[in-house]
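Protein chains in written order, with my numbering: chain A, 1 to 210; chain B, 1 to 210; chain C, 1 to 210; chain D, 1 to 210.
No wet-lab data here; the hints were simulated from the structure.
Every value quoted in this text rests on a predicted model; they were computed, and no experiment measured them.
Among the hints, erroneous ones may be present.
Said to hold, decoys possible - Residues of chain B clear of chain C, computed beta-carbon distances all greater than 12 Å:
1. V46
2. G49
3. W131
4. E135
5. A144
6. V165
7. E194
Claimed, not checked - Pair by pair, the computed Cβ-Cβ distance ranges are:
8. A/P189 <-> D/L53: 47 to 57 Å
9. C/V168 <-> D/L45: 19 to 29 Å
10. B/E4 <-> A/L172: 52 to 62 Å
Glycine is no exception: its CB is placed at the ideal position from the N, C-alpha and C atoms.
So the chains spell out like this:
Protein chains: 4
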Amino acid sequence: MRTERGFDRLVNFSDAVVAIAITLLILPLVETATEVSGKPIDELLVEDGPRLLVFVISFAVIGRFWLAHHGMFEKIVDYNRATLWINLLWLLTIVFLPFPTELIAVSGHDDPTTTALYVGTMAATSLTAVWQQFEFVRHPELQAEAVRGTLRMAPSLIMAGMMLVVLVLVVLFPSGGLFWLFVLLLSTPLQIIEKRMHARRTAVVPGSEA
Amino acid sequence: MRTERGFDRLVNFSDAVVAIAITLLILPLVETATEVSGKPIDELLVEDGPRLLVFVISFAVIGRFWLAHHGMFEKIVDYNRATLWINLLWLLTIVFLPFPTELIAVSGHDDPTTTALYVGTMAATSLTAVWQQFEFVRHPELQAEAVRGTLRMAPSLIMAGMMLVVLVLVVLFPSGGLFWLFVLLLSTPLQIIEKRMHARRTAVVPGSEA
Amino acid sequence: MRTERGFDRLVNFSDAVVAIAITLLILPLVETATEVSGKPIDELLVEDGPRLLVFVISFAVIGRFWLAHHGMFEKIVDYNRATLWINLLWLLTIVFLPFPTELIAVSGHDDPTTTALYVGTMAATSLTAVWQQFEFVRHPELQAEAVRGTLRMAPSLIMAGMMLVVLVLVVLFPSGGLFWLFVLLLSTPLQIIEKRMHARRTAVVPGSEA
Amino acid sequence: MRTERGFDRLVNFSDAVVAIAITLLILPLVETATEVSGKPIDELLVEDGPRLLVFVISFAVIGRFWLAHHGMFEKIVDYNRATLWINLLWLLTIVFLPFPTELIAVSGHDDPTTTALYVGTMAATSLTAVWQQFEFVRHPELQAEAVRGTLRMAPSLIMAGMMLVVLVLVVLFPSGGLFWLFVLLLSTPLQIIEKRMHARRTAVVPGSEA
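With the rest of the complex left out, here is chain A (with noise of 0.2 Å):
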């Protein structure tokens, strides 16, 4: 038996599990102010400036996940059993994104490995978000009226193909470090592109914007 209350459970066990897993990413740094108890701060502040920069930039993915998981239960007003283990795979992705956010922290994110599980995590959240999508696309019946039959893999396509770029670069180019995520800032630009491009090939295009 599946209920409006089941789904809203869905969606709401799932903004709780996030909503702690970007709250935790500061703890690490509350730690360090426990620590160091004699140092000046203004030092000290400098010293945790990559911790900083790697907490905002976690933050900032973290949060870009839930627009995006909000982006698209926007569409959806039912869920089924394989709906649900997938989200389960997603939030263990989110949840485990502080880990590596916290060996970045500690040991800089010019090596390779530490840049390759953090940004392997994030890809991996975007491949489960692919496959939530997927399962969606596929069961018409869970989608809202207004938009049945008309969701599409093409955007969550683009967000976790850029993902799997930025992996590579890292990998490659493990100089670039964290820069490499700049690149996806391309990938709300390129979404817009095959929006439009299918809104061309189909000249009709029902209500679907975000």
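With the hints as your guide, set chains B, C and D onto chain A.
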């Protein structure tokens, strides 16, 4: 007085607690990352192998329990005083799980006491779920109209039974460690078989999948 | 402007804070597990005995307070500025509880200062709940229609009174330690007796159980 | 596509993040309790005095920000892409607050850098709230029908202005420490005065008390 808002709170509070417990599982991993500043990351990841494994297992176990709770409450629309307390007890076992998880992460899963505590906690969760289900079966007024009178104990009893079997196995044959948990994969097929047998016995089954 | 969404937020926010506070109780236990790498588990569990005890007690206490909050709000449908602030104060006492919990976990419960801080925090929670209830009694427009005008102070006063009795006992007779908390088990029978006496006095009681 | 569920998620996600950030404030205190095993409790409490103070202040500040967010969204019924991102930014400042809180807890509040970081974070929260409000004022279609077109910038501007005044004060007169925060108590009377002046100017005021 019992309102729908009150029932929603019971459900939302449970979701929030489970969401936090499942997310806290990453914290000990984050801490190891903090501590081993000097060590090369590759070495750290190898060392953290067992921790990563038990993190994933505990995540999957709590996720599975949440799905069971989710499925159980899909058929419930109201609560009583007893179910509030039993639900708190269920949450206590969920909140406790990060402790034996960390014990195993630190000392490995070949020590029978640790593994028994870990699996015993899960068995306690399952038994509390059985008790919860029992309360719901006894009180048809708490069930959704569509399923009133058709709720059964068998699925949660099978789950709890399998958990107790695993508990016995890890105590008697500690060298198997957490691999005994794979026995739990039998519970879904067993539940399906039981369901079919029940359907055959009663000839008519009201829509009760998921 | 006050909407139903605004009231729901008040309730949901409270639930989230309580859920986090109740789950954080396990963290100090997780930490002891992290630290005592070499020690045999059996020994650790014996050593952790008092910690486990105070974890369970604090979990039960916060759970009990949540149930009281849940029960109180079942009869409420709206809020005002004062109740928002009182609720924040109530949450402050809940969030604070993990601190004295840890003090007791570390130094045992035979030290009167520690135990007084622990029970004093609980007393503060109870007194804030009394204040909250007082606000609701004074403002019938915040009450659900079915109970309007029948809300009473007695149950929360009994609870707070018992808490203050326990506070006096732990200070005067510290050797009793946390066992004095068992006195709280009297509060439910006392509440039932008071309710019956009130019913007899007023002859007619509108449905007001739970 | 924007649904009511999507709007509820925005609100619930914010509540969850704030709830976690406000609860995490206790963790450093819990940690000091863990570490000082041998010390008499009385001594510890005296030592922890400043920590307790800054815990309560940060709790009150985050609580106040949450109330402002709560009040702002009471008049809002829909969202757009910009408000999603601004809200994430607002949450970033809330999540960050435990870090300067801990810095002050460790090194006291007479160091201008620390105090400026602490008050600066709060100022950033206020400014993001101003931006959020600006977005809502510019988009009457996001406002509840009852208040459409009557939303104003003044209250959030006053709050942010006071915050910037405090920021200047703690930098110029560091010996005042966090006591400068008491200046914020002026913001509510100022908001009331501004409201009255506005009412006199416009002669008719639609029901707009918080």
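Verification of the hints:
no.: 1; hint: V46; result: holds, 17 Å
no.: 2; hint: G49; result: holds, 16 Å
no.: 3; hint: W131; result: holds, 16 Å
no.: 4; hint: E135; result: holds, 15 Å
no.: 5; hint: A144; result: holds, 20 Å
no.: 6; hint: V165; result: holds, 23 Å
no.: 7; hint: E194; result: holds, 34 Å
no.: 8; hint: A/P189 <-> D/L53: 47 to 57 Å; result: holds, 49 Å
no.: 9; hint: C/V168 <-> D/L45: 19 to 29 Å; result: holds, 20 Å
no.: 10; hint: B/E4 <-> A/L172: 52 to 62 Å; result: holds, 56 Å
When the structure is compared with the earlier hints, no violation turns up for any of them.
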